[in-house]
Amino acid sequence: MPRTYTPIVGSQPQSEATDLADQIADLHPRLVGFAFSLTHDPEEAADLAQDTIAKALGAAWRFSPGTNLRAWLFRIMRNLHLNRVRDGAARPRIESLRDLRETAEPDGQLGFSPVEKQAIERANLEAVRQALARLPPRYTAPIHLVCVEELSYAETAAVLNIPVGTVMSRIYRGRRLLAAELAGGWR
Amino acid sequence: MTGCAEHRPFLAAVADGEVEHVPAAALEHLRGCPDCREEMELHRALGAKVYATAAEREPVAPGRLGHRRRLAVGVGGAALMALIASAGALAFLVSWPDPVLAAAAAAGQPPQFQSSDGGRIDAWCEQASGRSMPELDLTPLSPVGARMDHSAGAGIVTVFYLTPDGRPVEVSWLDSSQVPPGKRSVTAREVNGRVVLLTVSPHGTAVISGSAPASVLWQTAAEIEDGTSS
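Sequence lines, in order, name chains A and B.
So the first sequence is numbered by my numbering: it starts at 1 and just counts up by one.
So the second sequence is numbered by my numbering: it starts at 1 and just counts up by one.
Okay, chain A solo, but in the shape it has when bound (with noise of 0.2 Å):
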């Protein structure tokens, strides 16, 4: 059941935090995508999202304009959704043997194979998405906010609190396993 939330937008005039609450809502869509690339499941990603902006429209203040608003509030949501795998209020995902295998596959040896070649360009839009449901999420995340938002790797980097080297290895790897994912399997 959706639950209700109450702004409180501190001490920023009415008009600036009405604004800011607006463009917030604007972004929801945008918010549970993301979600959905770090959770893997529709009804924690729009739980995700929701907590989000309540949580962003409670601590407006700490939002500087001109800055981008959409990479403040993946960040409120990259950290909102460790806490909640930390405390044990995410359901927990099962780890699979592929979650497993991805810490040694694919190696940056080989390029991609004909069959993943093929795979790529043949791939429809409902297969991309199912092999990427299927990555663990944190190549998704990354992927997502690159990709789909169109995030630099700086800004990815600082939205997941990791080095823009790491960012650049996880779309890498990300896309190699998701090539993968498109040929059928891994070799």
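These aren't lab readings, by the way, just hints derived from the structure by calculation.
Please read all numbers here as calculations on a predicted model, not as lab measurements.
Heads up, some of the hints might be wrong.
Straight-line distance between alpha carbons at most 16 Å, and here's what the computed EDC-like set of lysine to aspartate or glutamate pairs gives [unchecked claim]:
| id | chain 1 | residue 1 | chain 2 | residue 2 |
| --- | --- | --- | --- | --- |
| 1 | A | K55 | A | D22 |
| 2 | A | K117 | B | D137 |
| 3 | A | K117 | B | E20 |
Covered stretches of chain B, going by a simulated chain A footprint (3 or more residues, C-beta under 8 Å) [to be verified]:
| id | region |
| --- | --- |
| 4 | 157-165 |
| 5 | 218-226 |
Residues from chain A that keep clear of chain B, each with C-beta distances beyond 10 Å, as calculated [what the hints assert, rightly or not]:
| id | residue |
| --- | --- |
| 6 | A60 |
| 7 | W61 |
| 8 | V85 |
| 9 | D87 |
| 10 | E150 |
| 11 | R175 |
A virtual CB, placed ideally from N, CA and C, is assigned to each residue, including glycine.
Once you have looked at the hints, place chain B on chain A.
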């Protein structure tokens, strides 16, 4: 080519236009290595498809026409704004039905004129459309025909090409507006499960489609965007 494994982990960053994080040696290697360039294009194509999965779910707002390639084959981040600012392109964004969809549909039809002579094809196109055709060298693509359609408020001139191994590439010209170098761009859109490339070039706006490999479509778009003359 030697050294690919060392530089391969940077290909995704190059595909995303994040070249400031890529060592110069990797960029230098990429320039001379067709295998790595092909792999980089596959990363780019995969990124475009990921973008399209989200774009399909939500309405595309102005300025979010498609997966923005920050490298954008030499074009900076202002490319989309430039695209919107371009009068011809603006008409494509606000008109209905969508000329990009119309161009993709036209490209799926058979040629009305068939020839392997690029000059004769250009002459036919100019006569059918009443506008000049760009002199482009899209080697190794071979022209095989053309068609003219009037749809979605645009006169769409489609030139059909084949790759050396016989895979089709279609270039559908929506206009012949002159666009300065700073306003060029290539953006990906998903049409019926396939990625097509909307290219704003010095010679006009074109939609690149076809069942050739994505790397060939991107390369074609890059050459058109670059305005390479024959």
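> Quick check: the region 157-165 of chain B, covered by chain A? Criterion 3+ residues, Cβ under 8 Å.
Replying inline: It is violated, with 0 qualifying residues against the three required.
> Regarding the assertion that W61(A) does not contact chain B, is the least Cβ-Cβ distance greater than 10 Å?
Replying inline: Its Cβ never comes within 10 Å of chain B, the nearest being 28 Å, so this holds.
> Would D87(A) pass as off the interface with chain B, using Cβ distances and a cut of 10 Å?
Replying inline: holds (29 Å)
> Holds or violated: K117(A) with E20(B), Cα cutoff 16 Å?
Replying inline: violated (27 Å)
> Is the nearest Cβ of chain B still more than 10 Å from the Cβ of V85(A)?
Replying inline: holds (24 Å)
>> Can you confirm whether chain A covers the region 218-226 of chain B, using C-beta to C-beta distances below 8 Å and requiring at least three such residues?
In response: Violated, because only 0 residues of the region 218-226 of chain B bring their Cβ atoms closer than 8 Å to Cβ atoms of chain A.
>> Minimum C-beta separation from R175(A) to chain B exceeding 10 Å: can you confirm that?
In response: Violated, because the least Cβ-Cβ distance between R175(A) and chain B comes to about 5 Å, which does not exceed 10 Å.
>> Just to be careful, I want the Cα atoms of K117(A) and D137(B) compared with a cutoff of 16 Å; is the pair within it?
In response: violated (26 Å)
>> If I take the minimum Cβ distance from A60(A) to any residue of chain B, is it greater than 10 Å?
In response: Fine: 23 Å to the nearest Cβ keeps A60(A) off the interface.
>> Holds or violated: K55(A) and D22(A), Cα atoms, limit 16 Å.
In response: Measuring from Cα to Cα gives roughly 15 Å; hence the hint holds.
> Are all beta-carbon distances from E150(A) to chain B longer than 10 Å?
Replying inline: Nearest chain B Cβ is 5 Å from E150(A), so the label is violated.
Checked against the numbered hints above, the structure breaks hints 2, 3, 4, 5, 10 and 11 and satisfies the rest.
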